[in-house]
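Just need the whole structure built from these sequences, with the hints factored in.
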Amino acid sequence: MSGWSVRTAAIAGLVGVAVFGAGLLAGRLGQHRPAPSTPSVASGKKPFSPPPDGAFPHTPFGREAALGREIFVDTGRAAPQFVGNDLKCVNCHLDAGRLPNSAPMWAAYVMFPQYRAKNGHVNTFAERIQGCFRYSMNGRAPPLGDKVLVALESYAAYLATGAPHGASLPGQGYPKLKPAPLPPDSGRGRGVYTMYCAMCHGPDGAGQSSGAAVVFPPLWGPRSYNWGAGIAQIDTAAAFIKANMPYSQGGRLSDQQAWDVAAYIDSRPRPQDPRYTGSVAETRARFHNSAQSMYGKAASGVLLGGDGPPKPFAPRAR
Amino acid sequence: MSGRRFAAAGLALLACLGAGATAARGAAAGDPGRRIAAQGLAGGVPACGSCHGASGEGLAVQQAPRLAGLDARYLAEQLDRFASGARKNDVMTSVAKALTLDERRAVAAHFARLPTPSTTPHPAAHSDLARGQALAGRGDWAVNVPACGACHGPDGRGVGAVTPPLSGQSQAYLSAQLAAFRTGARRSDTLGLMNGIAARLSPADLQAAAAYYASLPAGAPARTGAGR
Chain F
1 MSGWSVRTAA
11 IAGLVGVAVF
21 GAGLLAGRLG
31 QHRPAPSTPS
41 VASGKKPFSP
51 PPDGAFPHTP
61 FGREAALGRE
71 IFVDTGRAAP
81 QFVGNDLKCV
91 NCHLDAGRLP
101 NSAPMWAAYV
111 MFPQYRAKNG
121 HVNTFAERIQ
131 GCFRYSMNGR
141 APPLGDKVLV
151 ALESYAAYLA
161 TGAPHGASLP
171 GQGYPKLKPA
181 PLPPDSGRGR
191 GVYTMYCAMC
201 HGPDGAGQSS
211 GAAVVFPPLW
221 GPRSYNWGAG
231 IAQIDTAAAF
241 IKANMPYSQG
251 GRLSDQQAWD
261 VAAYIDSRPR
271 PQDPRYTGSV
281 AETRARFHNS
291 AQSMYGKAAS
301 GVLLGGDGPP
311 KPFAPRAR
Chain R
1001 MSGRRFAAAG
1011 LALLACLGAG
1021 ATAARGAAAG
1031 DPGRRIAAQG
1041 LAGGVPACGS
1051 CHGASGEGLA
1061 VQQAPRLAGL
1071 DARYLAEQLD
1081 RFASGARKND
1091 VMTSVAKALT
1101 LDERRAVAAH
1111 FARLPTPSTT
1121 PHPAAHSDLA
1131 RGQALAGRGD
1141 WAVNVPACGA
1151 CHGPDGRGVG
1161 AVTPPLSGQS
1171 QAYLSAQLAA
1181 FRTGARRSDT
1191 LGLMNGIAAR
1201 LSPADLQAAA
1211 AYYASLPAGA
1221 PARTGAGR
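These protein sequence lines are chains F and R, in that order.
Residue 1 is where the first sequence starts when you use the working numbering, and the numbers rise one by one after that.
Residue 1001 is where the second sequence starts when you use the working numbering, and the numbers rise one by one after that.
Derived by calculation from the structure, the hints in this document are not laboratory data.
There are no misleading hints in this set.
Listed next, the stretches of chain F that the computed footprint assigns to chain R, with coverage defined by at least 3 CB atoms under 8 Å from CB atoms of chain R:
(1) 93 to 107
(2) 196 to 208
(3) 239 to 252
Using C-beta positions, here's what the derived DEER-type ranges look like:
(4) R:Leu1129 x F:His165: 35 to 45 Å
(5) F:Pro57 x R:Leu1129: 22 to 32 Å
(6) R:Ala1086 x F:Thr161: 44 to 54 Å
Glycine residues also receive a C-beta, built at the ideal position from the N, C-alpha and C atoms.
What follows is the structure, given as structure tokens:
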């Protein structure tokens, strides 16, 4: 990983917008406002607070929930048999699944069972997590009843302690972004990426490691989420990015920047959709028939998703 | 086999050996990074080792960090920042300004090549290690502060050129840097990530985080396992 070129690229990006950048940094240095972690305060609703982190009860349930947390924050190490890339649950659900507007587990848990258009039937929470493994982790779905699913579900249930079932809690999911003033543009997005993202995620999107531990997650390429993941949709990625990135500076990017950089990231190559039918056109028509998916479209001369059937499951070498 | 061919082969072998020996001597005596580290330069560059230790292990009383085993790109960038004024330190500013770009690269490469010392962890002074550990492992999202380890690695051993190692640096050095991030006297990176983080934490929290990392052994990032 050429971190030096990361910096160089970031600096080069800055030079192009030196005036803007200098003003931005001078204005925000050291006094950047916290991310909108409690936006519901503004709307007058009291946000739900999960129990203190790690204060699990000394019961069989508490032990299961504690295991769930461990899997949540280091998924490839704690559940290697199901993980096919370098991502962890916590990469998209910050603060161990506790943070509002970062698709927190306490808000998700109370919304299941739930009908999902993605698969056309009512899903249990366990089935929903199976989807995370299949798509976001580019891995294998743990069988229903598997210890990994039981632990993760227990952890989510623990976080939702005291939350009203079926309620749409403030902070749930990623706050949907209004349509961008200009149509999302991956060319502009590349500039945003260079300036705000490449330093950590790398100019090639491959992430960066501390020794063997992946610290900054890959955003595209063979070790990232596959085409079936929710965040492979531009609107979902834009909403996550706007609320949560750059890390610790959520809310810093403009809506337009978030849309543009999401369009850039989600028009890079990534692993095949496991629902691949044998035809890119047919797979697009059946599962990606939306302006939010670049699957089956050409980007930089590459047919996205055009690299054949899904690769065999390959857990991370360790 | 003719005598001439045999002689030619022998000469070639001698030539190789000679070249190798010369190269080795050059690296020892001629490496400008190593020379500057050990002897400094006339005209305002003291030996790096006089503050950072002969092995680049750092010296807490001087707030001089460990340099041995750090990423060469990170070290070079810090020297560049001292030279440009983007990072300020009375001693280091004048040192970096007195070095050429090539000399800064050479010094950075020299310290990056040195083995990470097996330090005795520094005992914590007047700080809450449990709070430091919580900040390192979980952060404090109530004030939008991620876990230190989320960017510096699970053992605080750093990520390439992006984030430096924290483990095994002295509490004095870490505290001073966090304080400088907090006031903006040192800018962490183009995004000001550490500036925002340090500004949102209390001075006591910064002390606790510094004390916690100072209590961990220095070490290169683990090459096997998940680095935990």
